[in-house]
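Novice: Since the structure of chain A is provided, determine the placement of chain B on it from the hints.
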Amino acid sequence: MMTQFLLAQNAIVDYLTSPYIAWFPIVLLAATATIGVVALIYMLSAAVGRDNIRIWAKIKIYEILMSLTLVFIFLAISTLFLSLNFKEVFNSAGLVPEACLSGSVGNDFYSLALCNMHEFNQNVLHMNELVYYMGLRMSFVPKLNINASALIRSTTGIPGLGAKTDMQAPSAFSYFMGEALTLLYGAFVLSQVQLLILAASLLFFSLFMGLGLMSRMFVVTRSFGGAMIAFGIGLGILFPLMVSFTYGYINVGIDHLAWALDLAAASTFILDLIAMFIAVIFAAASFPGFDTYILSLLKILGLEIIGLSIIPLLNFIVLDVFITDFSGAIGEKINFMSLVSNLI
Amino acid sequence: MIVIFLLSASVNAQLFDSFCDGLFNSAASGSINPNSNQALASSSTYVTLMGYSVAIVLAVFTVLGVVYAIAISFGIQSLKEFVKTELLEGMFNIAIIMMIAPGLAFAGGAMSFLSNLGGLTVQNMAGGGGAATSVTSAHDVYLSICKSYIGTGVVTTLPYIVSISVTMVILNTLHNLVIELKPGSFGFSFSPFGGLDPVIALVGMEFSFFMLMIGFFVAIPMLLYIIYFLFPIFLYTGVFLRSLPWTRSVGGSLIALFISFYIVFPSLLYPFAQYNAGQFVSLSLGNSIWDAVAFSATTLLQAVPFSNVFGNSMVNQINVFADAVSILAVQILGVLIAVIISLDLVEVIGDLLGAPSIRSHSKRLLSKVI
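Chains A and B supply the protein sequences, listed in that same order. Okay, so the first sequence: first residue is 84 according to the numbering used here, each after it adds one. Okay, so the second sequence: first residue is 399 according to the numbering used here, each after it adds one.
Same shape as in the complex, but just chain A (with noise of 0.2 Å):
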């Protein structure tokens, strides 16, 4: 899946500037003719003589050139974002995971954040198949059968006496087990919801911004433009970014401790058991090597959970603070979350 994302990511790199420079010359042409109506109000009002409509004109073609201004402004951004090396600077700081540092993936903030959260769904991947793994191997703890009706027969004489029970692992564990399961699995599936969701970001990037710059040349739809730009800028260059902060710290952390992940740890770990419980009982001495595989597998465990639960929640929580105070500051101000929320 991730290598479908990052060929189509090259494709869709090259894509992304083309719907801005195709509208490119429709934009000069709207602002021309909509600077040319407004000039033509301006010269009409003078003729009869109405000042107030003289200084509507006169702000609204200053208005205009703003937003052409503003055009080339984010031309320019979008370029220079898109050029900019942003893995060396966020592995500068210690935020790229192992795999995201590969060649194959490019050095553009998509890439890296598509490759952040596709890490950290295979993270997430590696989880399930350890408390799967674990939960077969716990299958294999045997049931004690204790029969003592032969042992009864033969010291009574009675004939038919007996007794006889069974000692097992308490079915609460196999409950668990199968909770958590369905938990990293539920969660796993909405994590791979919200990858599809930044691969989708460049398109929202290109059609919102493309859509908002147009939008900002017409008098009447100004304010509705300044709020695509503000969606565009926001879904499509501060997701990514926040993206590739939030998950890459996640990632880095979880590369710290993935020996911990490798299911051959987890059979010496599974074989450790008896000896440990026996230890305890006798309050015998402790194993290092084995506290240090539980504490690294709780970390692990902590990170993920943190991931799956309160890190896309802060990243939504930004991305509207964005989108809802910039779409404010240039045009009409949008709430974002409260949009996404009635859609759903």
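Do not rely on the hints blindly, as some may be mistaken.
Claimed, not checked - Simulated DEER-style distance windows between Cβ atoms:
no.: 1; chain 1: A; residue 1: Asn190; chain 2: B; residue 2: Ile492; range: 27 to 37 Å
no.: 2; chain 1: A; residue 1: Phe155; chain 2: B; residue 2: Ser535; range: 38 to 48 Å
no.: 3; chain 1: B; residue 1: Asn423; chain 2: A; residue 2: Met149; range: 47 to 57 Å
It is worth saying that the hints were derived from the structure and are not from the lab. Where is the CB? At the ideal position from N, CA and C, for every residue including glycine.
Specialist: Positioned in the frame of chain A, the structure of chain B alone reads:
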């Protein structure tokens, strides 16, 4: 689940101290993300960003000077007012940059003040908070909360998991016991401990609860870990964005998020965590293998039909279990209070810094208090 179950077997306080050190000390041997943590927590990482912020503010000042000259030349009053407002905003930005330039020391000062207030309150309360100590930096607060939750909460709770697991094994084995009298393959059988079902259900509930408790005590330090290392970037990015007129409100929102969740949230959590450390001392649920055997034997005697042996082990078990529930309830309450107040504070600061996205809608708690 297995991880926690096995963890319970290897529990010792020193081990869990290393867990917290690994989270909050970049230089510790078990540290997660040692490179990025050092980079993110160091103010030198953000020097360039702050430099850009100052440059932008100065550029804005220059532009404002030109605009003010135009306003004076053409006598445009509204433009003059605009320039004055923007100048004040610019100066405010410079003040913020000056304040955070040395690093996050100011945050540590505010946190130690707030946390020590809460800590002293807990110390003065009878029966709790013996572990409350004075803190002097943000790092102290985060580490102290972690050690309280992990070092006290988890370390105390994990042996209960062992004890309860053993109890479950013993009781289930007894529950499965069948006595048969079938001479000639025909007769009867009965389960003398089939009536242990309610006790097994109670112990199962305790097992689930302690698992939840451990999950909570591990999740909160992990959340604090993310806040401790990731949220400083919101402060610096917020200051940077605040220097640009178009993104000023976004910057204000990010600064509000930082102040509320990096400074206030853990400071409010600190006294609850200290209270937690004090209360666990009084929890006297049997936590060894032999306690499990003793409890099983006592309940066994109670369950024997017509035995007429009515001890109080079940009553004790339920009482102490209720104490454990109340400890967790207080902690959950503490987290909820801290989250609610922090969210309210985000709105208050959002108002102050001109961030419409997080501006309140007249339902704010703090607006009624302040």
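Novice: Each hint: holds or not?
Specialist: Hints, verified against the model:
At about 35 Å, the CB distance of A:Asn190 to B:Ile492 agrees with the hint of 27 to 37 Å. Distance hint for A:Phe155 and B:Ser535: a CB-CB separation of about 47 Å, consistent with the stated range 38 to 48 Å. With their beta carbons about 51 Å apart, B:Asn423 and A:Met149 fall inside the hinted range of 47 to 57 Å.
Checked against the numbered hints above, the structure violates none of them.
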